[in-house]
Amino acid sequence: FQVGLLVSVKRFFLFLFEIRVKPDKSGVVTDGVKHSMNPFCEIAVEEAVKLKEKKLIKEVVAVSCGPQQAQETIRTALAMGADRGIHVQVAGKDYENLGPLQVSKIMAALAKKEEAQLVILGKQAIDDDCNQTGQMTAALLDWPQGTFASEVSFEGDKLKVVREIDGGLETITINTPAVVTADLRLNTPRYATLPNIMKAKKKKIAIMKPEDLGVDITSRVEVLRVDEPPQREAGVKVETVQDLVGKLKDSGLV
Amino acid sequence: LIYAKSLFSDLLSFCCCFFFLQKSVVDGVLPSFRSVCGEDGVSLSEAIREQHGKDESVHKCCPPDVVVFPRSVDEVSALAKICHMHCLPIIPFGTGTGLEGGVGAMKGGVCFSLRNMDQVLDLHVEDFDVTVEPGVTRKALNSYLRDTGLWFPVDPGADASLCGMAATSASGTNAVRYGTMRENIMNLEVVLADGTIINTAGKGRRPRKTSAGYNLTNLFVGSEGTLGIITKTTLRLYGIPEAVVSAVCSFPSVQAAVDSTVQILQSGVPIARIEFLDDVMIDACNRFSSLSYPVTPTLFLEFHGSERSLEEQVNTSEEITQCNGGSDFQWAKDEETRSRLWKARHDAWYAALALRPGCKAYATDVCVPLSMLPQIIVETKEDLIANKLTGPIAGHVGDGNFHCLMVLDPNDPDELQRVHLFTERLARRALAMSGTCTGEHGVGLGKRALLVEEMGAQAIQVMQSLKETLDPKNLMNPGKVLQ
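In the order they appear, the protein sequences are chains A and B.
When the letters of the first sequence are read in order and numbered with UniProt numbering, they come out as residues 1 to 254.
When the letters of the second sequence are read in order and numbered with UniProt numbering, they come out as residues 1 to 483.
A couple of the hints might just be wrong.
[Said to hold, decoys possible] Simulated crosslink set (SDA-like; lysine to any residue; CA at most 25 angstroms straight-line):
hint : chain 1 : residue 1 : chain 2 : residue 2
1    : B       : Lys333    : B       : Glu242
2    : A       : Lys52     : B       : Trp331
3    : A       : Lys58     : B       : Glu242
4    : B       : Lys333    : A       : Glu59
5    : A       : Lys54     : B       : Trp331
6    : B       : Lys107    : B       : Leu121
[To be verified] With the C-beta cut set under 7 angstroms, the calculated list includes, among others, these residues of chain A facing chain B:
hint : residue
7    : Leu16
8    : Ser36
9    : Thr188
10   : Tyr191
11   : Ala192
12   : Thr193
13   : Leu194
14   : Ile197
I should point out that these hints are in silico values taken from the structure, not numbers from a laboratory.
Note that this is a predicted model, so its numbers are computed, not measured.
A virtual CB, placed ideally from N, CA and C, is assigned to each residue, including glycine.
Let the sequences and hints guide you as you build the complete structure.
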């Protein structure tokens, strides 16, 4: 049973770095900040590559939507073991307004075009925490979805997915073709090694535009303002329990 | 007697005067400090000072008078000039993860917390080098490097500041293949006690080797903040191993385990990690993690390389262990099984602590030539039993370096004393076997006398002269390394 697989990867700040809001509150400062692949996307790529190593998948295609630098992220996916890449060019203002709905339209169009049997994404991106793209993609394709996956396996031509939910773990069986989103405990992504990075340079990345896929990326969402969380203020020490209760009452908390 | 008493009270009041005087000097320079690193770059709060007066050792907290947070090497230099002018002690602080009390402000003074200087500068992927500031820790650097295929392999247990690791000449479990900090630092930027900024190998220089001048870089590596403040370090990077295999093997005796280690090294296997756990430690780990290793000396091995070379490395090593009476040789390639095999080694510290809940642990740290390892471990175990001490042993056996994890009740002065005497005997035992009293943790507060025994009076005199030349007022981390 050998299928083709699309894995979506997104580029954002390396998770270590502090995020600062731009002075005009229109967004976050991106200049000079080290970028890397979204951690959940790394887990998705790792799972795709693992499935290929187990010979359950024929080919892994890594897809990213964004400006020129998105190719760096695709190259990392190629170095981890993806076979080829697709870069959907979206730049400038269009990229700033690119949201889950537009990306899922692009993924759906690509899934049809590539005749993929499986689409894997990270469960959410650490810039917007939307957690929508996988679900929207499945809806657009009318495919079943296994989201928040902490375990994925094939059972015949169906997919068994163990999902992390609030109450614990839920195991479902879904038909293929399907969409899966990767959660934290699905696997530990491998580091790209130098020999693999060198090999990845020779792998192909196809470049296309959203129009080529017949997708309109106009956004219906407008970001009005971005604010930092309120600064933490110094605490106040009180002498007695009575003082404490008094202060709690004053601030309306009691 | 009366004379002695009055002398003593004179001394006491002198000390009080001294500290009181110093405190008022500090108060006097606070405005200058603030003008250098900003209002929130200077802290007098008790909590912050205590935080910066202790590390992960058993030494008591010795808070400084004030903590400053410079943001650049120019600020460090300006602050150092002020301290120099007013004779205030300077204590550099990275992550506070040291194990020998190196950050205690024995004479009060100014703690320079360098955590705000946290940039990774100048990465050169093709040259395998990177320069980092003191606020960058080793795990942060390796995360930063993840997409490049490179890593910095020196891995002490803690997520320590790389410049701090340079200051203590740190090492880790894979030193046997990749070396310690001494072998992997190409250049340092250092601020001296009087504020002078130097680059030990020349500004911005990063050749892979050099014969130019005195080796200043390695003078400062391991100086534990007593010669200068390290504000940048240029590190040697390595390619992330293509594949990793981990293995475990049990042995009938310590000798058999060490013999296997020596033979593996002699056969040219570029082994990445070779860790030793004694029977007491294995027993602790079995109980702590519900494992079932045979309770006998055990080696944990790790191999790095290409898929094909790994097969050869593992086969050669397995044969050697079998020749030495090793049994239950297991190995694994995938991440999950490897973690399971090495679980005992990873949990060792906690397993040791769990032997006696409510107690603290202190790790001894000696290093001897490989051939001496069986003898010193056997004698040490006898010493532990004779003195009724809890001290499971874990060691980087490929380097001849081992740690007794002394589990002790901090409220029992008798046990504290017995542990203290034990560690001195252990250090002297290592010295008697041509070894060192500290393989990786540094001298800090507790091993100054042992350093003198190890080096001999003449070498110590040279060290003392260097210290006096670079820091004539003895402001740099006073009371550490040298007496």
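Verification of the hints:
With a CA separation close to 11 angstroms, the supplied pair B/Lys333 and B/Glu242 stays within the 25 angstroms bound. Annotation: proposed proximity of A/Lys52 to B/Trp331 holds, straight-line Cα distance about 24 angstroms (limit 25 angstroms). Pair hint A/Lys58 plus B/Glu242 holds up; C-alpha atoms about 23 angstroms apart against a cutoff of 25 angstroms. Of the supplied pair hints, the one linking B/Lys333 and A/Glu59 holds, its CA atoms being roughly 24 angstroms apart against a limit of 25 angstroms.
Restraint check for A/Lys54 and B/Trp331: satisfied, since their Cα atoms lie roughly 20 angstroms apart, inside the 25 angstroms limit. This hinted pair does not check out: B/Lys107 and B/Leu121 have alpha carbons roughly 34 angstroms apart, beyond 25 angstroms. Of the supplied interface hints, the one on A/Leu16 holds, with its beta-carbon coming within about 6 angstroms of a beta-carbon of chain B, less than 7 angstroms. About 6 angstroms separates the beta-carbon of A/Ser36 from the nearest beta-carbon of chain B, less than 7 angstroms, and the hint is met.
With a cut of 7 angstroms, the hint placing A/Thr188 at the interface with chain B holds, because the nearest CB-to-CB distance is about 5 angstroms. Interface restraint check: A/Tyr191 against chain B, minimum CB-CB distance 5 angstroms, threshold 7 angstroms, status holds. With a least beta-carbon distance of about 5 angstroms to chain B, the hint placing A/Ala192 at the interface is held under the 7 angstroms criterion. Taking 7 angstroms as the C-beta contact cut-off toward chain B, the hint placing A/Thr193 at the interface holds, the least distance being around 5 angstroms.
Hint on A/Leu194 holds. Least Cβ distance to chain B is approximately 4 angstroms, under the 7 angstroms limit. At its closest, the beta carbon of A/Ile197 sits 5 angstroms from a beta carbon of chain B; the interface hint therefore holds under the 7 angstroms criterion.
When held up to the earlier numbered hints, the structure conflicts with hint 6 and nothing else.
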